[in-house]
Every structure is written in C-alpha cells, then in structure tokens.
Amino acid sequence: MKATVNPWTTSSVTLALAGIIIAGIGLYFIALRPPLLPEDVRYMHLSAAELEAIGPRLAVWLTQVFRVLGGYALATGVLLVALAITAFRARHPVAVAGALVGEALSIGLMSVVNFTIGSDFRWPLFACALVWAVSLVAFGLESSRNDNRTQIKEPIP
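Numbers 11 to 167, taken from the numbering used here, label the letters of the sequence shown in order.
What the hints contain is simulated information worked out from the structure, not anything from laboratory work.
Each hint should be verified, as a subset may be incorrect.
[Said to hold, decoys possible] Cβ-Cβ distance ranges computed for the label pairs, FRET-style:
id, residue 1, residue 2, range
1, W18, L119, 25 to 31 Å
2, A107, H55, 40 to 46 Å
3, I30, L110, 17 to 23 Å
4, T126, S154, 31 to 37 Å
5, A69, L119, 20 to 26 Å
6, A59, E152, 55 to 61 Å
7, S153, H55, 46 to 52 Å
8, W133, T96, 27 to 33 Å
Values in this document were obtained by computation on a predicted structure and should not be read as measured data.
For each residue, glycine too, the CB sits at the ideal point set by N, CA and C.
Hey, can you work out the whole structure from these sequences and the hints?
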C-alpha cells in the first residue's frame, strides 16, 4: 500500500525554509560566532580593563555555551524541515500545534530577547520568526480553503 503524498503547499515550503534558516543559525553559533560581539560588551557595560581581566576566561566558557546553543538550533532546524516534509504537509493538526509552540519557544523567544537587549541582530531574527509565522498563517488559510471546498461539494445521488 502506497501512502498518499500531498503536494507541496506554501505552508510546508515556508516551514521548511524556516527550518533551513534556523539550522543555519545553529551552524553559525557552532562554527563562526565569536565568544563576545561588540554588542555583548556594550550590553554588559564593561570597561577595557574589565574586559581584559575577564575576557579570556569568559571567551572560553562562552565558546562552549554557544556550541551547545548552536547544536540545539541546528537540531530544531532539522526537525522543522522533517516536520514540514511529513506531518505538516500531510495536514496533521498536531503538526500545527508543534510548529506554533516550537516557534514561540525558539526563534520567537530569541527574537524577543534580542529586542530586549538591543541586539544588532534583532531585525534579522525577527524576519526569521516571520518566515515561520507565515507558514502557520498559510496553513490556516489552506485549511479553511480546503474546508470550504469540502462543504461546497454536492452529495452524490
């Protein structure tokens, strides 16, 4: 028995795109992000002397922290792509709940915190959150369109 394959929809494509973006953020944190960005130093109000005193020890620790954070972001991105390809595309309602909660707790929270601290990355992160949100809105619109088509069909005599 062969499973029915639903076509790619706007919602599943944008959710997969959000997953790719989140995975990219994870790779950035694992491989490229320096331990301290200029915005980090600004936020902590460190003087040059204070930074020189604690910087090296802080850098070693933060490198490990960002590797862990990056691993979680990469995993989230991979799981989002898998969700988009499978349950989201198959129109499972629980997939929407998972995508909504996942967005709120990952890129949504990251975006809010970055606005709170005045991060230089707040707008790009907000744009990433919007891609994810578009997938949820598209899912709802596609579902309501499918519901309307189902209700319009005339009964077979």
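Query - Satisfaction of the hinted span 31 to 37 Å by the C-beta atoms belonging to T126 and S154 - result: holds (35 Å)
Query raised in the report: Are A59 and E152 spaced within 55 to 61 Å by their CB atoms?
Result: Between A59 and E152, where Cβ atoms are some 58 Å apart, the hint holds.
Query raised in the report: Cβ-Cβ distance between I30 and L110: within 17 to 23 Å?
Result: Once the Cβ atoms are compared, 19 Å apart, the range 17 to 23 Å for L110 and I30 holds.
Query raised in the report: Honestly, do A69 and L119 meet the 20 to 26 Å range at C-beta?
Result: holds (25 Å)
Report task. Take a look at whether the Cβ-Cβ distance between W133 and T96 falls inside 27 to 33 Å. Result -> Check passed, 31 Å falls within 27 to 33 Å.
**Report entry** Whether the CB-CB distance between S153 and H55 falls inside 46 to 52 Å
**Finding:** The hint (46 to 52 Å, Cβ to Cβ) holds, given that S153 and H55 are roughly 49 Å apart.
Report task. Confirm or reject the claim that W18 and L119 have a C-beta distance inside 25 to 31 Å. Result -> Since the Cβ atoms of W18 and L119 sit about 29 Å apart, the hinted range of 25 to 31 Å holds.
Query raised in the report: Would you say the C-beta atoms of A107 and H55 sit inside 40 to 46 Å of each other?
Result: With Cβ atoms ~41 Å apart, the hint holds.
Violated hints for the displayed structure: none, as all numbered hints are satisfied.
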